[in-house]
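Engineer: Here's the letter readout for the chains.
Number of protein chains: 2
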Amino acid sequence: MPKIRTNRGEVFDAHNESILQVLRKNGIYLPASCGGKGVCGRCKIKIKEGTVRTESIDNLSEKEKEEGFVLACLTYCESDLYVDLPEKLITVEDRISKIKAEYIEKFFKDNPELYDPPVKRVSLSLYPPSLEDSRADFESLFHILGKRLNVSPLLAGEISRSLRDANWRIQLAVSESDILHVLQSDERIYGIAIDIGTTTVVLCLVDMEEGKVKNLASCYNSQISYGDDVITRIIFSVENPDGLHILRNSIMNDLNALLETLEKKGKILFGVISGNTTMCHIFWGLNPEHIRVEPYVPIFSRYPIWKAHETLLNIKNSAPLYTLPSVAGFVGGDIVAGVLFSGMYESEEVCLFIDIGTNGEIVLGNREFLLTASTSAGPCFEGSGISCGMRATEGAVESFQYFKDTDSFKVKVIGNRNCRGICGSGMIDILYELYKSEVIDKRGRFVPDSSSHLSRVNDEWRFLINETCYITQSDLDNIIRAKAAIYAGVETLLREVGMDKKDIQKVYIAGGFGEFLDVKKAISIGMIPNLPVEKYSFLGNSSLAGAVMCLLSNELREKAEEIAKGMTYIDLSSSKFFMDEYVASLFIPHTDESKFIRFE
Amino acid sequence: MPKIRTNRGEVFDAHNESILQVLRKNGIYLPASCGGKGVCGRCKIKIKEGTVRTESIDNLSEKEKEEGFVLACLTYCESDLYVDLPEKLITVEDRISKIKAEYIEKFFKDNPELYDPPVKRVSLSLYPPSLEDSRADFESLFHILGKRLNVSPLLAGEISRSLRDANWRIQLAVSESDILHVLQSDERIYGIAIDIGTTTVVLCLVDMEEGKVKNLASCYNSQISYGDDVITRIIFSVENPDGLHILRNSIMNDLNALLETLEKKGKILFGVISGNTTMCHIFWGLNPEHIRVEPYVPIFSRYPIWKAHETLLNIKNSAPLYTLPSVAGFVGGDIVAGVLFSGMYESEEVCLFIDIGTNGEIVLGNREFLLTASTSAGPCFEGSGISCGMRATEGAVESFQYFKDTDSFKVKVIGNRNCRGICGSGMIDILYELYKSEVIDKRGRFVPDSSSHLSRVNDEWRFLINETCYITQSDLDNIIRAKAAIYAGVETLLREVGMDKKDIQKVYIAGGFGEFLDVKKAISIGMIPNLPVEKYSFLGNSSLAGAVMCLLSNELREKAEEIAKGMTYIDLSSSKFFMDEYVASLFIPHTDESKFIRFE
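Line order of the protein sequences matches chains E and U. Counting with this note's numbering, you get residues 1 to 600 for the letters of the first sequence. Counting with this note's numbering, you get residues 1 to 600 for the letters of the second sequence.
Bear in mind the hints are in silico, worked out from the structure with no lab data behind them. One should not assume that every hint holds.
Pairs count within a copy or across copies, as identical chains cannot be separated in the list.
[Claimed, not checked] 27 angstroms max Cα-Cα, derived BS3-like pairs, lysine-lysine:
hint, residue 1, residue 2
1, Lys442, Lys404
2, Lys147, Lys565
3, Lys109, Lys267
4, Lys109, Lys120
5, Lys307, Lys267
6, Lys147, Lys307
7, Lys120, Lys307
8, Lys565, Lys267
9, Lys502, Lys595
10, Lys212, Lys267
11, Lys404, Lys565
Just so we're clear, the structure is a prediction, and the values are computed from it rather than from any experiment.
Chain E with its partners taken away, still in its complex shape (with noise of 0.2 angstroms):
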């Protein structure tokens, strides 16, 4: 078997496998945002020595090509190898990572009674003992502090000393109810918050005495092997005798891995977890078979404050984890988060919040109701089985122009570099102009011979935005259920409490696109309800940005789960009025199309 020697002196066995995999497995995480595809082009190594078979020639300029670099994703070996790994070994950052941080500071700032982090540093200052009050370390340090909180017996030990070497002043990290941490004091206290979707896992690292955003990371989940939506990740894990052991590891190595490029991770005190109930579930190791049949039953809505040694996450061992409640088996923590960052469950006004992630779920109400469901949409606008999708990251198609009477097109690239795929914002695009110029028809087909740019591949028609990238009928099939679904949710929910669209004085979307959504075009392509643009507004990633304010406020953690408690579930699986809107709303933009308007 060939052995890999890296510049860092290791050496590995490498099986038949990537050497993007085999350096996995022996815990060494390059960047690979795509999941490792070929797509994005950031597993780059040097192969000093030795010969390999790659298929790793498009992302790489001539220069790096001479210089022996290859993607480690699509390189194998033939021989024994010797390799220079890149310094910094995973950065990844792209749109759907990206929370509205001035959104949460300018919150506090304007409501600072509500901040109040769950862990907080004191400082104490002890009595040195005498003989005449001899009492025992935690008997004088419990009475400074006012409190008897836990503490494990190792940190005792560690507080005992310090306590010793430090004339008897100590600073410490404290929760509610335990001793977290002995503080330097130059340290600082961090939290982590963990938005795990079903399609991309993001981290964000966050000072929690500053209140502030530190960092963020974020990859694919890496669990996409085993299925794109969170049904066929369930049935993975029945139908594997060992199937949630390796949907859990897949997603602790994603958010070790992670947690390895954030700085200090060694004092992160604190951790929130919003993620629907299916990925919360692996996360905890909890089997999620229930959900998927009837009458679909999770384990766990609300969960208990676990700690991060009942779980494998690479924080410190006592750091509480808090995970946010889910409303039912489709609708989870996620979408309380968002539903929290919006502010909507304070307004007065009718809101509607619509994340576009793999589920798709919608909320509609205000302070007085709230109405939720999932639709399923699928994990497309993120990127996930469309040919050529991808995440809106360096290299992806964001915006799209076609110009029919000289059939020809613009368009415009993430970072202005080389085209490498198609983002959601410029499916939308794509689906929007090429309907309008008649190159797809009202059913989403392909219309033969309009345009030079399609030609035929396996049977199936394509458009070409280059060689290697290009949009399939499969592709725009894929894209047209989900925006039918996530009308039709709309639809369904508005009829449940009688309203009207025009009722709605307020949508909120969250998720993938950001502000990079075309509202108007994705209107005009019967995706989201015809309202005046200004009603509409991006909330970005409001599961993390939800994940982030209860990571700043015990009483915004009690309001989520007020939220939770209080969202009425849709089922829309059982609603026949849903299935008839959705049929409906497979045509662009609707089969009643006095719904929508044509914005040119």
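We have chain E; now place chain U onto it with these hints.
Structural biologist: For chain U alone, coordinates are given in the frame of chain E:
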């Protein structure tokens, strides 16, 4: 290096150590209540093949010797061996471990309102979930239970499975704050009371549902190899880089070996730890070094309730462990447990409590006040530090009569076996009888030629009971120092509150002697105050008994905390009165003989 093969199929390297030590290192615990000194004769094994060097002759019958039996503690390999291990590896039972189980049962019969164990069985029957009520498993469960409890993710998964397997019925073991275990209907809830003495370790398995003591196991504290008393052990822990770790592993090995001998340890769901301050610190891995130096400050006096996974005890990982609070560095939770068991904290009469263990702690008081002191009497009455000392187990001389006119004596040996050593009550008898017959003088010195049983070996007089069992001048000096410390301690406490011994209405004797202490003789040698015999009563191992009570009553655990908080500690080491009284008590019975009567 020679190898030892066993009838169980293991093979071990035999370093230059006794077979007992080799086996211990490999996790096999033979019964060895004497700590491996060739005294108890319980570590018998059969050599089937190979050559050994052995000194184990005295404790074996001719038949056993012929069959190849040796004592593992006195036997060393000379070649590869094949040995037969006994089937039951540890069974230790003696008088020191005995507790007054019948008192505890009677107590809870008389005070049924106090019977309230910290872990209880709850039987739940849930409505099966439906589309109308599709709440999460734990929402339904907590609803029926009437409160939300902590539950580990792993156990939560098990509960979810059990609910479905058993038609939504389940029995759980729950504490105030946690779900601890899924109970099968024939499973019992057990608790473990642990008395960690400096010299002796005792475990008591309690059925928490019946409120009954089910099993006992005890052995010497193996830390004895590192020092006889707490001070030498603390010094060992300070002077050796890994000292604390070694001492902790030593006690944990003892406890885990004893746990192996108890049935059903898997369902031990709560533990109570009773021991002196140093023993409890070492048990929890807390550095005891500051207990030894002025101002004698421990890390904890009241301990958090930690879980078993925070120590190395092999019981259910999530089982809570309550540690009895201590009063000061030298008066620990064992004494608090004893006061709890005695009931003196609720008495109107003034009581005296004396624990004749290694430290010789004393408590004087009633419901109005409690005064306590530690006399550091030393471990001699538990058999340690005396040439032929042993615990009150089979083969120990428990009583002794000397007939001056014929220069002959009569011994009573526990279990009517061959005499193998002398236990505490035997020592007091010997001191009393030889003093009365003038074989020993007032200062506790042997009078040369006063008896034919005296002989001089290595420049020191000894009184021979048989060839291998005797008492030396140093032994006598040790015993006299111990009795003097106890007596002087009592006098000092009385003086602190301006009382006379006549004010004492009741004397409780706790510790190794059990009821085998001859009160009259103990008064006659000047060990305990000269009070009517009927004022004395015996509590047995009150440290363990108090721990058992705490296993069965939440309220008594609170009482224990109040007792510890309310006790005033008197530091004898800084008391001139104590020192004067101690020196005066180094005589038999005392320089002031008028204080004593002589019983004939």
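Engineer: Taking the numbered hints from earlier one at a time, note which ones the structure violates and give those numbers from smallest to largest.
Structural biologist: The structure breaks hints 8, 11; every other hint is satisfied.
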